[in-house]
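*Asks:* Chains A and B supply the protein sequences, listed in that same order. Per our numbering, the first sequence starts with residue 1, numbered consecutively. Per our numbering, the second sequence starts with residue 1, numbered consecutively.
Calculated from the structure, these hints are not laboratory results. Among the clues, some could well be false.
One-sided and incomplete, this derived list gives chain A residues near chain B with beta-carbon spacing under 8 Å [said to hold, decoys possible]:
no., residue
1, D5
2, M213
3, G260
Over 12 Å on every C-beta distance to chain A, these chain B residues come out as not near it, computed from the model [as the list claims (entries may be wrong)]:
no., residue
4, G47
5, D50
6, G68
7, E88
8, A249
Computed spacing ranges between beta-carbons, pair by pair [claimed, not checked]:
no., chain 1, residue 1, chain 2, residue 2, range
9, A, K70, B, Q89, 32 to 42 Å
10, A, E80, B, P167, 50 to 60 Å
11, A, S234, B, K40, 58 to 68 Å
12, B, E337, A, E359, 56 to 66 Å
13, A, G314, B, K230, 49 to 59 Å
14, A, V300, B, Q89, 52 to 62 Å
15, A, K130, B, H7, 16 to 26 Å
Treat the numbers as computed from the prediction; the structure is a model and nothing was measured. Even glycine gets a Cβ: it sits at the ideal position worked out from N, Cα and C.
Number of protein chains: 2
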Amino acid sequence: MRNFDFHNPTRLVFGQDTIPKIGQYIKEYGEKKVLLLYGKGSIFKNGVYDTVVKSLQEAGLTVVEAGGVKPNPVLSKVREVVALMKAEQVEAIVAVGGGSVLDTAKISAASFYYDGDPWDFYERKVFPKKALPIYGILTISATGSEMNSGGVITNEEEKKKWGWGSPFTYPRLSIIDPSVQSSLPVNQTVNGAVDTLSHVFEAYFGGTKGTLMQDELSEGIIRTTMTSVKTLLSEPSNYEARANLAWAATLALNGINGLGRAGDWASHGIEHSVSAYYDIAHGEGLAIVFPAWMTYVHHVDPEKFARFGEKVFGIVDGTTEEKALKAIGAYKAFLQEIGAPVALSERGIGQEHLDDMAENAVLRGPLGTLMKLNAQDVREILTLAL
Amino acid sequence: MRNFDFHNPTRLVFGQDTIPKIGQYIKEYGEKKVLLLYGKGSIFKNGVYDTVVKSLQEAGLTVVEAGGVKPNPVLSKVREVVALMKAEQVEAIVAVGGGSVLDTAKISAASFYYDGDPWDFYERKVFPKKALPIYGILTISATGSEMNSGGVITNEEEKKKWGWGSPFTYPRLSIIDPSVQSSLPVNQTVNGAVDTLSHVFEAYFGGTKGTLMQDELSEGIIRTTMTSVKTLLSEPSNYEARANLAWAATLALNGINGLGRAGDWASHGIEHSVSAYYDIAHGEGLAIVFPAWMTYVHHVDPEKFARFGEKVFGIVDGTTEEKALKAIGAYKAFLQEIGAPVALSERGIGQEHLDDMAENAVLRGPLGTLMKLNAQDVREILTLAL
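Using the sequences and the hints given, assemble the complete structure.
*Replies:* Here it is, written out as structure tokens:
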């Protein structure tokens with residue numbers, strides 16, 4: 001086990017009928033004027049927008065609105081939001097939506113106190129010293145952004161989809177009411193589950209030894225996610241399945257699961273490169289990339305892939321190598337069972353940009369920890385994923 | 001799953017050679033004069049005292065010392081510590097030791113700002129509005145006090161061993177270097193493991209349904225604890241086993257494991273009553289009380305006890321009732337395997353105070369959630385434990 005230094009200051013309010021309290025919470029923390037940030041309109045359909053606005057108004061808060069944050073959120077939107085925040089001098093951000101809205105809120109909260117371009121933070125040219133407080137209202141469980149400090153933004157002009165975070169960009173408070181996710185389209189629930197699993201895999205397969213407690217936690221999150229998403233395919237309004245999936249998604253990336261282990265994160269890097277070229281959902285990209293990555297690197301740590309097979313799929317027969325390969329096959333079969341794509345071709349992606357995507361993926365250096373991947377490796381993984 | 005509101009602001013620094021950083025951390029947070037609080041001297045033997053003092057001195061801090069905190073820490077010591085803190089006007093507490101030292105630090109940190117008697121907080125006569133910052137240096141993994149807000153103190157005069165906590169008594173920062181626990185006597189390692197398991201059980205067996213994610217986490221902590229403590233019996237210096245046991249102990253009671261579930265806590269209540277009458281280690285008391293409690297209440301939720309048997313001991317044959325009873329038997333056998341007592345008689349406790357302890361246990365009302373226990377129930381459980 002590696003040493004670690006963990007500090008997650010986010011307060012998490014979880015459960016049914018918790019969203020109407022948001023105005024009161026903000027009032028108690030002391031802000032009076034907030035930016036209400038949201039996406040492309042699902043919150044109008046599921047009633048969350050009305051609930052939040054009513055709560056903010058009843059608490060006497062002044063509300064400035066900015067909607068239209070896209071999935072795979074973009075830098076141009078961040079710039080627009082930051083300009084509005086500065087013009088209006090808001091005191092906090094209320095981010096209502098999924099990871100895209102929360103991620104946009106984080107970079108915007110830091111950029112509020114910075115005169116230069118927000119992308120400078122992503123390029124590590126500057127580091128924030130503070131950020132506006134962020135309140136999250138989660139409407140889809142997937143990225144874990146509601147309880148961590150990180151965010152991914154796409155710089156459309158430069159085709160860079162990068163991650164960034166700071167100690168100042170943890171949401172102060174996030175609310176998760178799993179019941180509002182009952183109306184999500186099936187594919188979004190599935191993509192969220194794949195995202196959750198992928199976050200766990202990045203820590204689980206990073207190669208660090210002597211982490212029994214972490215492995216147990218990872219396997220528990222994996223099994224819970226798989227069981228819950230399968231239940232939701234037939235019972236989308238099953239509250240317990242929604243709640244367990246939501247809590248699993250938060251635990252997968254609130255820091256706890258990764259402690260004491262080197263994260264790998266190559267698959268995320270590759271997926272970011274794919275979705276910088278193609279308009280593909282992050283969860284879909286991960287469903288496609290991860291089995292290919294597993295196939296390409298499993299020889300470095302076959303014992304861990306075999307353990308994964310045993311603990312998650314009950315695979316106990318065969319040599320270590322055989323069990324490892326069966327495990328990867330079983331994961332691919334699970335993805336197909338829940339309707340996730342497992343090949344680039346399923347989303348109309350061919351060989352056109354393989355080289356570009358491979359080069360793009362390693363722009364900031366080789367990817368991965370379990371196995372260091374250069375552009376050629378990435379190209380081979382993408383080829384496996386075709 | 002129940003709704004929950006979680007906020008754990010403690011920063012956790014974990015791993016080898018982390019203790020020498022304590023002075024620097026405190027300096028960065030800004031305090032200049034601290035109380036160094038510790039127990040009965042093990043920190044002199046394992047070198048931790050010297051490491052801490054050197055680090056505090058090198059950071060230029062003024063140090064006031066108070067030692068002699070006992071296991072099952074007592075109110076008279078708290079009063080003495082608070083008087084010293086007020087006289088010296090310290091700005092923070094550095095608590096070096098196990099749960100007893102941390103628990104003493106918590107009530108003392110709150111009492112620093114209160115003119116009345118510290119026990120008033122335990123009696124819920126007053127509630128703190130602030131507390132001095134607490135820095136923890138953990139030397140034995142057991143209570144989880146390093147990353148939660150609670151503490152148990154014994155009022156010797158009134159024979160009350162009670163728990164208390166507040167949002168202000170989370171340690172600001174705790175350091176866990178598992179390697180310093182290599183020199184612990186075997187029975188202390190065992191007692192710590194039993195304490196950890198018992199914390200998990202209190203949430204796991206509380207009766208709340210629809211908590212797959214939490215159950216998975218609990219079972220992971222239980223398996224990790226059992227595996228690690230068994231390794232340590234033959235290899236007390238095995239770092240990975242120490243690290244996994246330590247991280248499991250923290251996870252067992254830093255709040256995460258309990259979220260969304262009603263805790264039971266009857267067994268802790270009964271043990272506190274036992275150790276208010278007899279000078280018995282908390283872990284030993286829990287090893288004795290828990291199997292008796294399980295036997296007495298399992299009929300209320302036999303499915304959960306059967307699940308426990310399957311997930312922890314691999315028990316799959318028999319009716320639900322049979323599996324539940326086998327599980328309780330397997331847990332008792334595990335306790336005996338690691339050298340923990342499973343009967344009051346093993347610690348020389350007979351029938352003398354059964355009625356007194358039963359009455360004392362329910363002083364603040366019936367115990368438990370899975371099954372509400374009155375004095376007669378407690379007496380029967382203690383009788384089962386004889």
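*Asks:* Among all the numbered hints in the text so far, which are the ones the structure does not match?
*Replies:* 8, 9, 10 and 13
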